[in-house]
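**Q** Listed below are the residues making up each chain.
4 protein chains.
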Amino acid sequence: MDLIVTLACNDHPGIVFAMTNAILQCDGNIIENQQFTDPATNTFVMRTRFETIQEFAQVEKTMKSAIKDESAVITLREYSQKKKVLVLVTKESHCLQELLYLQEIGEMEIEIPLIVSNRNELSGHATDHNIEFHYLPISQNEGESKADFENQLRAFIAKHEIDLIVLARFMQILSDEFCQEYAGRIINIHHSFLPGFKGAKPYHQAYDRGVKIIGASAHFVTGDLDEGPIIAQDVAHVSHSATPDDLIMIGRDIERRVLSRAVRNYAQDRIFIVGNRTVVFHD
Amino acid sequence: MDLIVTLACNDHPGIVFAMTNAILQCDGNIIENQQFTDPATNTFVMRTRFETIQEFAQVEKTMKSAIKDESAVITLREYSQKKKVLVLVTKESHCLQELLYLQEIGEMEIEIPLIVSNRNELSGHATDHNIEFHYLPISQNEGESKADFENQLRAFIAKHEIDLIVLARFMQILSDEFCQEYAGRIINIHHSFLPGFKGAKPYHQAYDRGVKIIGASAHFVTGDLDEGPIIAQDVAHVSHSATPDDLIMIGRDIERRVLSRAVRNYAQDRIFIVGNRTVVFHD
Amino acid sequence: MDLIVTLACNDHPGIVFAMTNAILQCDGNIIENQQFTDPATNTFVMRTRFETIQEFAQVEKTMKSAIKDESAVITLREYSQKKKVLVLVTKESHCLQELLYLQEIGEMEIEIPLIVSNRNELSGHATDHNIEFHYLPISQNEGESKADFENQLRAFIAKHEIDLIVLARFMQILSDEFCQEYAGRIINIHHSFLPGFKGAKPYHQAYDRGVKIIGASAHFVTGDLDEGPIIAQDVAHVSHSATPDDLIMIGRDIERRVLSRAVRNYAQDRIFIVGNRTVVFHD
Amino acid sequence: MDLIVTLACNDHPGIVFAMTNAILQCDGNIIENQQFTDPATNTFVMRTRFETIQEFAQVEKTMKSAIKDESAVITLREYSQKKKVLVLVTKESHCLQELLYLQEIGEMEIEIPLIVSNRNELSGHATDHNIEFHYLPISQNEGESKADFENQLRAFIAKHEIDLIVLARFMQILSDEFCQEYAGRIINIHHSFLPGFKGAKPYHQAYDRGVKIIGASAHFVTGDLDEGPIIAQDVAHVSHSATPDDLIMIGRDIERRVLSRAVRNYAQDRIFIVGNRTVVFHD
Chain A
1 MDLIVTLACN
11 DHPGIVFAMT
21 NAILQCDGNI
31 IENQQFTDPA
41 TNTFVMRTRF
51 ETIQEFAQVE
61 KTMKSAIKDE
71 SAVITLREYS
81 QKKKVLVLVT
91 KESHCLQELL
101 YLQEIGEMEI
111 EIPLIVSNRN
121 ELSGHATDHN
131 IEFHYLPISQ
141 NEGESKADFE
151 NQLRAFIAKH
161 EIDLIVLARF
171 MQILSDEFCQ
181 EYAGRIINIH
191 HSFLPGFKGA
201 KPYHQAYDRG
211 VKIIGASAHF
221 VTGDLDEGPI
231 IAQDVAHVSH
241 SATPDDLIMI
251 GRDIERRVLS
261 RAVRNYAQDR
271 IFIVGNRTVV
281 FHD
Chain B
1 MDLIVTLACN
11 DHPGIVFAMT
21 NAILQCDGNI
31 IENQQFTDPA
41 TNTFVMRTRF
51 ETIQEFAQVE
61 KTMKSAIKDE
71 SAVITLREYS
81 QKKKVLVLVT
91 KESHCLQELL
101 YLQEIGEMEI
111 EIPLIVSNRN
121 ELSGHATDHN
131 IEFHYLPISQ
141 NEGESKADFE
151 NQLRAFIAKH
161 EIDLIVLARF
171 MQILSDEFCQ
181 EYAGRIINIH
191 HSFLPGFKGA
201 KPYHQAYDRG
211 VKIIGASAHF
221 VTGDLDEGPI
231 IAQDVAHVSH
241 SATPDDLIMI
251 GRDIERRVLS
261 RAVRNYAQDR
271 IFIVGNRTVV
281 FHD
Chain C
1 MDLIVTLACN
11 DHPGIVFAMT
21 NAILQCDGNI
31 IENQQFTDPA
41 TNTFVMRTRF
51 ETIQEFAQVE
61 KTMKSAIKDE
71 SAVITLREYS
81 QKKKVLVLVT
91 KESHCLQELL
101 YLQEIGEMEI
111 EIPLIVSNRN
121 ELSGHATDHN
131 IEFHYLPISQ
141 NEGESKADFE
151 NQLRAFIAKH
161 EIDLIVLARF
171 MQILSDEFCQ
181 EYAGRIINIH
191 HSFLPGFKGA
201 KPYHQAYDRG
211 VKIIGASAHF
221 VTGDLDEGPI
231 IAQDVAHVSH
241 SATPDDLIMI
251 GRDIERRVLS
261 RAVRNYAQDR
271 IFIVGNRTVV
281 FHD
Chain D
1 MDLIVTLACN
11 DHPGIVFAMT
21 NAILQCDGNI
31 IENQQFTDPA
41 TNTFVMRTRF
51 ETIQEFAQVE
61 KTMKSAIKDE
71 SAVITLREYS
81 QKKKVLVLVT
91 KESHCLQELL
101 YLQEIGEMEI
111 EIPLIVSNRN
121 ELSGHATDHN
131 IEFHYLPISQ
141 NEGESKADFE
151 NQLRAFIAKH
161 EIDLIVLARF
171 MQILSDEFCQ
181 EYAGRIINIH
191 HSFLPGFKGA
201 KPYHQAYDRG
211 VKIIGASAHF
221 VTGDLDEGPI
231 IAQDVAHVSH
241 SATPDDLIMI
251 GRDIERRVLS
261 RAVRNYAQDR
271 IFIVGNRTVV
281 FHD
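From first to last, the protein sequence lines stand for chains A, B, C and D. For the first sequence, this note's numbering gives the first residue as 1, with consecutive numbering after it. For the second sequence, this note's numbering gives the first residue as 1, with consecutive numbering after it. For the third sequence, this note's numbering gives the first residue as 1, with consecutive numbering after it. For the fourth sequence, this note's numbering gives the first residue as 1, with consecutive numbering after it.
Mixed in with the good hints, there may be bad ones.
No copy is singled out in the list; a pair is fine if it fits within one copy or between any two copies.
With a straight-line cut-off of 20 Å between C-alpha atoms, the simulated DMTMM-like cross-links for lysine to aspartate or glutamate are [what the hints assert, rightly or not]:
| # | residue 1 | residue 2 |
| --- | --- | --- |
| 1 | Lys84 | Asp27 |
| 2 | Lys61 | Asp245 |
| 3 | Lys84 | Glu161 |
| 4 | Lys146 | Asp246 |
| 5 | Lys159 | Glu227 |
| 6 | Lys159 | Glu121 |
| 7 | Lys201 | Glu132 |
| 8 | Lys201 | Glu144 |
| 9 | Lys159 | Glu51 |
| 10 | Lys91 | Glu144 |
| 11 | Lys91 | Glu55 |
| 12 | Lys91 | Asp269 |
| 13 | Lys82 | Glu55 |
| 14 | Lys91 | Glu107 |
| 15 | Lys68 | Glu181 |
| 16 | Lys68 | Glu144 |
| 17 | Lys146 | Glu177 |
| 18 | Lys82 | Asp245 |
| 19 | Lys64 | Asp27 |
Since the hints were derived computationally from the structure, they do not count as laboratory data.
Make the full structure from the sequences, and use the hints.
**A** Given below as structure tokens:
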């Protein structure tokens with residue numbers, strides 16, 4: 001059996017010793033091990049992949065009692081057990097399409113039981129991949145309607161035992177309440193520029209400013225839409241001859257790549273939130 | 001004779017025809033030719049390198065009268081004639097060092113007749129390269145002192161026929177008046193982050209925010225220090241394990257590369273300012 | 001009418017003048033213009049996009065007689081007229097999928113009238129996009145069978161007026177005769193490593209050698225499969241922890257991006273072959 | 001006291017446990033810890049940085065006996081103790097210059113007690129940094145002369161307790177005997193292309209082939225000059241307009257960056273050789 005254990009706790013001497021001792025007791029052989037202590041928050045995080053012939057329940061008991069510290073959060077799962085992902089979309093297909101494609105060719109080890117949208121345009125993508133698609137419009141009378149929308153999401157999340165919610169160019173803002181309820185489980189993607197731009201038509205602003213680089217950031221969603229811990233970022237160089245439409249096209253390409261990288265890292269338990277930052281153990 | 005002619009003017013049909021006609025009259029053979037029309041400002045810009053056996057004065061007369069349009073700005077110079085650069089520094093050496101080094105090994109075709117600083121720390125770099133160094137302190141009573149400083153700069157610029165002023169980590173803000181006087185002739189370098197940060201200790205802010213990319217921008221200086229037209233930008237990827245000091249170190253590396261690229265493009269007449277943007281004809 | 005004219009000819013003074021003169025006679029207004037003289041072959045190449053209110057036939061007549069030189073090859077087409085592409089595939093979908101996706105969202109201005117494969121696995125991709133799919137097996141008795149295969153390709157190419165043949169991970173070698181017949185019209189994609197590896201299982205060889213970078217090259221196909229003029233290349237950084245399977249996965253990602261870039265440049269008439277090199281006018 | 005311990009040994013269960021147990025016995029607090037098992041050679045490698053108040057000798061005793069396995073190679077040093085580097089150069093200054101500069105501004109934690117060259121051109125760089133420079137010509141009667149040269153190197157290495165020999169564009173080939181004697185302690189830098197080129201004037205070959213990417217590799221030197229384990233690689237994109245001289249200039253820039261990265265990783269004990277590959281623990 002191939003297992004992934006993760007640990008986050010307050011840092012103190014002896015943690016790695018205790019964890020590796022527990023793994024030894026499980027007859028475990030370590031395949032990968034990564035750890036990091038975040039100095040700002042004094043948080044120790046660790047991700048270990050190991051093989052064992054013991055049963056899961058027994059291993060779980062040993063590992064979960066390895067660290068006595070009350071701050072310790074320990075997770076254990078079989079490496080082959082895929083995380084369940086709910087994808088929220090609106091009209092633009094590039095991020096959804098990339099996730100579906102990578103999953104299909106075995107390069108994104110997630111399960112997507114359903115896709116939810118506030119519009120109907122992308123239902124065909126779900127159909128092509130035999131995935132449930134739910135069209136849940138959010139009406140003008142937004143407050144009420146969004147509350148309904150989020151309640152239906154809650155029901156889907158519970159029913160399908162969703163691990164992660166991916167906002168794949170979902171153009172609605174989720175309520176603070178919802179975001180806090182699923183803190184650390186919602187990933188969003190958005191463009192990033194040097195310098196940054198606020199407000200409408202960011203690519204047009206970037207064009208007017210003559211930027212030579214455009215980028216995208218994938219981040220966890222907290223109450224404030226664009227401000228959660230960053231997971232992944234990337235950029236592309238652009239020249240003076242790129243029109244706003246060219247920038248939008250290049251932006252889409254960066255967005256789908258950065259979002260995929262973030263989701264893949266989540267799928268492999270490589271991301272830890274420490275304060276307002278993330279630790280991402282790259283392979 | 002190997003010549004570079006540049007043209008900026010309002011766009012209208014027939015400009016390329018007129019310019020190439022003029023070059024033909026000069027018995028010129030085009031080696032490189034690049035042009036671009038900026039749609040936002042309707043500005044046509046063109047850079048042509050050509051060889052001719054005619055005399056400079058004769059060619060200049062022909063070329064400068066090629067375009068009748070009053071908006072036309074035409075420059076002509078021998079390719080081998082280097083631009084004169086005044087470098088302003090404070091304490092940090094990385095940008096200055098890079099410019100001096102590239103110049104020395106023949107990869108940066110500029111002349112640096114003098115280096116000016118508001119501090120004395122970097123005088124050794126000037127001495128090593130046999131370059132005049134002027135230490136012009138700017139006292140606490142800043143207004144007056146800075147006016148003096150800028151007046152001395154003006155004198156140096158006139159005396160040495162300086163083409164370009166490079167702020168190579170010069171930690172003082174030049175007056176709006178000075179910046180406007182030398183508009184399009186002052187290049188600055190500064191860090192850039194995704195998202196951007198205002199205020200002190202930007203690398204510490206970037207660290208706290210957990211950015212995965214840090215960058216630098218070289219730009220022309222207008223009145224507002226960081227907001228002139230961008231010439232070049234680049235970034236580096238950083239991970240959670242990079243400390244603020246690591247970010248600063250990586251930032252220095254990007255800064256010197258981006259500044260050098262901008263200065264080299266200036267040295268080769270590749271940069272045109274159109275509105276708040278630049279056109280940069282890459283080789 | 002928005003037109004693209006391209007010219008390739010022996011270099012001599014006055015070409016740009018002659019071309020821009022012809023465009024003026026067409027009442028043309030230049031939108032983009034790029035040119036380059038390849039010193040090794042003394043070949044001048046030029047790509048100009050211009051607008052005119054004259055009729056296509058009249059413009060064509062003027063432009064095609066602009067350069068008297070016998071070496072001149074001039075092409076003219078409407079910007080909106082898409083090139084027709086035949087895609088050849090075998091089993092791997094990543095390159096095909098990317099082309100289809102980009103075309104679908106309007107980021108790849110080509111028409112794909114048909115997909116041909118020596119296997120049947122990817123027929124579903126064609127069906128999903130309402131594209132003809134032809135399964136043409138190449139039997140063990142290869143010589144004869146490949147001749148049949150290529151004859152059927154010739155018929156398809158003629159019938160659909162195909163401009164470009166894209167080998168999107170097509171795992172058969174086309175005959176020298178076929179390649180020469182369609183010289184400059186067949187693009188292939190393959191992995192590239194530093195250093196390079198010959199023979200089977202290149203990713204395993206790269207792994208054994210501990211490379212820190214893997215890459216891909218898109219190139220025109222001449223008789224010798226991997227050795228035609230290079231159009232586009234890119235790389236990704238890899239670490240010691242990447243397994244051969246990881247390298248293959250990363251390789252697929254680079255391949256689809258590099259092939260798309262090459263095909264897009266072809267679609268926009270940006271590529272010229274000069275000797276064994278290409279000139280690619282980037283936007 | 002801030003210490004770095006490294007371990008390389010045959011992989012078996014319990015190694016991390018044993019090492020962290022030993023660190024606990026040293027009253028050590030782990031700051032950084034990285035490990036990897038190379039599947040091809042079944043080699044386990046580990047790098048741990050930890051703080052302790054115990055004395056060095058005592059810690060050394062504990063750590064060096066932590067792993068009983070005969071295959072185990074354990075190193076321990078104070079983090080502040082810099083590695084001693086002998087730099088070999090010929091005529092080109094860019095790599096030497098970069099190392100000296102980075103060392104000077106505190107970004108390369110090495111000591112350079114001496115620079116040795118088979119020519120005299122770069123002695124000024126040594127003088128500027130108050131470093132011993134030895135000009136040891138290698139005459140035409142190469143066999144004898146090179147033996148002398150290498151014997152003098154051996155004497156220098158012994159006298160200055162050199163840890164690492166850096167070939168910073170040293171244009172002579174060291175003997176197999178010498179390379180084997182200092183296996184894992186000699187780093188070289190050379191250009192890399194896609195595809196690779198053998199023989200003279202590689203940049204001209206790359207130009208003729210129309211490559212769109214040029215690169216450099218830093219590697220350990222074994223008997224065969226270019227074929228030791230790769231430590232670091234990087235590339236730059238180039239266009240058709242780059243001349244062979246441009247390629248050479250861009251190549252120099254990549255070379256100095258890649259070599260510096262390799263030397264920095266060596267200085268921080270981040271590199272392990274496993275078979276023909278390296279494990280490099282990036283920070």
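**Q** Are the hints correct? Go through all of them and say.
**A** The hints, checked one at a time:
Taking CA atoms no more than 20 Å apart as the test, Lys84 paired with Asp27 passes in neither setting, with 29 Å inside one copy and 43 Å between copies. Proximity of Lys61 and Asp245 under a CA criterion of 20 Å is satisfied in neither setting, with 55 Å inside one chain copy and 33 Å between copies. Taking the closest pair of Cα atoms, Lys84 and Glu161 come within 20 Å of each other only inside a single copy of the chain (7 Å); across copies the shortest separation is 47 Å, beyond that limit. Within a single copy, Lys146 and Asp246 get their C-alpha atoms no closer than 33 Å, and across copies no closer than 41 Å, so neither meets the 20 Å cut-off.
Taking the shortest alpha-carbon separations for Lys159 and Glu227, neither the intra-copy value of 29 Å nor the inter-copy value of 51 Å comes in at or below 20 Å. For the identical chains of this complex, Lys159 and Glu121 are neighbours neither inside a copy (25 Å) nor across copies (35 Å), given an alpha-carbon limit of 20 Å. Taking the closest pair of Cα atoms, Lys201 and Glu132 never come within 20 Å of each other, the shortest separation being 32 Å inside a single copy and 39 Å across copies. Taking the shortest alpha-carbon separations for Lys201 and Glu144, neither the intra-copy value of 28 Å nor the inter-copy value of 43 Å comes in at or below 20 Å.
With identical chains, the CA atoms of Lys159 and Glu51 are never at most 20 Å apart, being 31 Å at best within one copy and 49 Å at best between copies. In this homomeric assembly, Lys91 and Glu144 never come within 20 Å of each other (Cα to Cα): the closest approach is 22 Å inside a single copy and 50 Å across copies. Proximity of Lys91 to Glu55 under the C-alpha cut-off of 20 Å is found in neither arrangement, the shortest distances being 46 Å within a copy and 39 Å between copies. Taking the shortest Cα distances, Lys91 and Asp269 never come within 20 Å of each other, neither inside one copy (29 Å) nor across copies (31 Å).
Only within a single protomer do Lys82 and Glu55 lie at most 20 Å apart by alpha-carbon distance; the minimum there is 19 Å, versus 48 Å between protomers. In this assembly of identical chains, Lys91 and Glu107 lie within 20 Å of each other by CA distance solely across copies; the values are 16 Å between and 24 Å within a copy. Within a single copy, Lys68 and Glu181 get their C-alpha atoms no closer than 27 Å, and across copies no closer than 50 Å, so neither meets the 20 Å cut-off. Neither within a single protomer nor between protomers do Lys68 and Glu144 lie at most 20 Å apart by alpha-carbon distance, with minima of 45 Å and 65 Å respectively.
Proximity of Lys146 and Glu177 under a CA criterion of 20 Å is satisfied intra-copy only: 12 Å inside one chain copy versus 53 Å between copies. Taking CA atoms no more than 20 Å apart as the test, Lys82 paired with Asp245 passes between copies only; the shortest distance there is 19 Å, against 37 Å inside one copy. For the identical chains of this complex, Lys64 and Asp27 are intra-copy neighbours only, at 15 Å inside a copy versus 25 Å across copies, given an alpha-carbon limit of 20 Å.
Violation of the numbered hints given earlier is confined to hints 1, 2, 4, 5, 6, 7, 8, 9, 10, 11, 12, 15 and 16; the remaining hints are satisfied by the structure.
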